[in-house]
Amino acid sequence: MKPVSLEAFLARLYTDASLRAAFLADPVAVARGAGVDEDAACSLDRIDRDGLELAAESFARKRAARRANRRRLPAWLRGLFGR
Amino acid sequence: MQTLDAADRVGLGWRGELAAAILEHLGSLDVLEVIAEDWVHGNRRDSAALATLSRACPVLLHGVSLGLASSEPVCRRRLDRMARLVARVEPELWSEHLAFVRAGGIEIGHLAAPPRTEATVAGALANLEQAKRVVGALPWIENIATLIDPPASTLDEGLWTSAIVANSGAPMLLDLHNLYANALNFGTEPLELMRAMPLDRVSLVHLSGGRWIAPGSRKARLLDDHLHDVPGQVFGLLERLAQSVEQPLTVIIERDGNYPPFEALLAQLDLARAALARGRVLRAEQTRQAA
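Those protein sequences? They're chains A and B, same order as listed. All residue numbers for the first sequence refer to our numbering, where the first residue is 1 and numbers rise by one. All residue numbers for the second sequence refer to our numbering, where the first residue is 1001 and numbers rise by one.
If we strip away everything but chain B, and leave its shape as in the complex, we get (with noise of 0.2 Å):
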């Protein structure tokens, strides 16, 4: 795999649905993100097809089913899959989520996340070693939105992906839709949840939208649907990671369904660009009044 490049980049996460206009629209693109589970069960032609594609525009590898945040040891059968797949499509790089989706020999069947504690710090380290022995490459990990706060846990969100990151080495894809939404069902300011992270091991970024459910008498929280738009708040907080550090940063726009018009999308991707513009300014104003 190879290193990301050293510009920032922005792009899109690639669904059947958007495939013709992204094709039609390559040139806006600067990389595009593939969720792996929808290719690893493919025939020769699909993975063809994806190696074409990656040879057109940079690909990222995104799974989606590991559960490397788990107490529970990853699946070897799912690990090695993925490595058949990162073999063929050779992906700038692969990423996964700090989450379990089964356990106990039951699928959940979407990412859940797991008590924060020393067991399940101590349980990602294991898998995230297991899945560098199997696919080649540690992923970049990912920290995810939850509607419950996870039950039993002893550490923080930052304090517990931070541990995480910093003693396995892999480097972090942080989805600030998911901190946004994390910070507002949870009682924390979304940039103080931002800087609680080891944003110096941030290269990728997600962001995605979502809607405020409340059934019930429950109290409203916020889902991270990736079915809206993504909100300005998050291109806000996009600003800041980019006036904070100074490594470049690649940013994907999630969108699973409730498609707009195409060029609703790229205009998104626009304000993304505006956005890590808005910040590089930012810290090259910072740089030269520190010096």
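Okay, chain A solo, but in the shape it has when bound (with noise of 0.2 Å):
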């Protein structure tokens, strides 16, 4: 098994819902078996469960939204300052 860092492992958990699923179920072993190294893995046997859950609902709601919510300047004011 190729060893994965803690951060790309996180991201996983972030964006994938049946992986945080089975990840809840059994910390540990989903965390070995996706490559991460044993103290850290063990380390997540004790993962804010609540927090993991509330973070990957923000993150998914941020996917969606951020395009959305920020613009460049308006055409009519790209014409008023940028000649």
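Keep in mind that the hints were calculated from the coordinates and are not lab data. One should not assume that every hint holds.
Said to hold, decoys possible - Far from chain B, some chain A residues (derived; all Cβ distances over 10 Å):
id, residue
1, ALA21
2, ALA22
3, ALA25
4, ASP26
5, ALA29
6, VAL30
7, ARG32
8, GLY33
9, SER58
To be verified - Pairwise CB distance ranges (calculated):
id, chain 1, residue 1, chain 2, residue 2, range
10, B, PRO1261, A, ASP26, 37 to 43 Å
11, B, ALA1290, A, ARG49, 31 to 37 Å
12, A, ARG63, B, ASP1200, 34 to 40 Å
Ideal placement from N, C-alpha and C gives every residue a C-beta, glycine not left out.
Take the two lone chains and join them into the complex the hints point to.
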């Protein structure tokens, strides 16, 4: 098994609902199986479970909303300033 | 890039939805903060517009997607884009978050708190050094809000942040609502958490608002959503910060939606100015008594 960084495993956990469900059922085994090193895998047994779900939901909302939230300078203002 | 002005300043995050009102009220704003990612793919006219804006009002560039606080290396292509934007706009400064936003080829889509460990301190330091090399200056680095207590951490937030700030030499952008939310969500006194931060390196401050969320049976947590007014407790923290530090502070209010009438945003800026002024008065009294 190729070792993965803890951040890489967390990125999967935050974005993959089925992996998250499996992980919450058996955190250490799933982390080990994904290639997380032994110390980090064991530490994930104490993960903040409510926080994991809340963070994952928040990230999903952000992914959906980000493009809509921020706009460049409107065209009429670009015309005013951009010459 | 220039150094910050010698006096406290208060400004607003530029958002397209607020553009007309911001331009109409530029005289009420000391400074504007622009999201870098909104402009990195812009055309020549976009860049010219932003450069013109930066001549009308001091502009700060704020990055949200580099993901500098990670044991994985920062994406060189993204750094190059930031460098080009900084060169075109010539902002006073640029800033980024102490967060990771991708790892192992997966985009999280937003700022995530990395494990607070020696490994991510080392990773952040390497990434900051690379950012300095490519962009030409270190970013101001910002603490983030997190809904999850960062897994597998071995350092607390104050120690982790201080280690990165001290060893990188980077100045700090202290987001007081992020700090307030983390303190409430994970059982720390906000003032205690603020005091654990490297306050002597803070010259830039973010203020924003949020809301409590408690889906299902989960314990309520404060979400930093930038959609609500800055709470009074956060203005209180700003007052204490202004009392605690000598250096000038530049304060930016961030609002990403649910926009109130612009006069209400200006009133929030006035509350920030008032909090700064109260803090400075208290600091002057402290100094007088100590003399």
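Now the hints, each set against the structure:
no. : hint                              : in the structure
1   : ALA21                             : 15 Å, holds
2   : ALA22                             : 16 Å, holds
3   : ALA25                             : 16 Å, holds
4   : ASP26                             : 15 Å, holds
5   : ALA29                             : 16 Å, holds
6   : VAL30                             : 13 Å, holds
7   : ARG32                             : 13 Å, holds
8   : GLY33                             : 15 Å, holds
9   : SER58                             : 6 Å, violated
10  : B:PRO1261 <-> A:ASP26: 37 to 43 Å : 52 Å, violated
11  : B:ALA1290 <-> A:ARG49: 31 to 37 Å : 48 Å, violated
12  : A:ARG63 <-> B:ASP1200: 34 to 40 Å : 37 Å, holds
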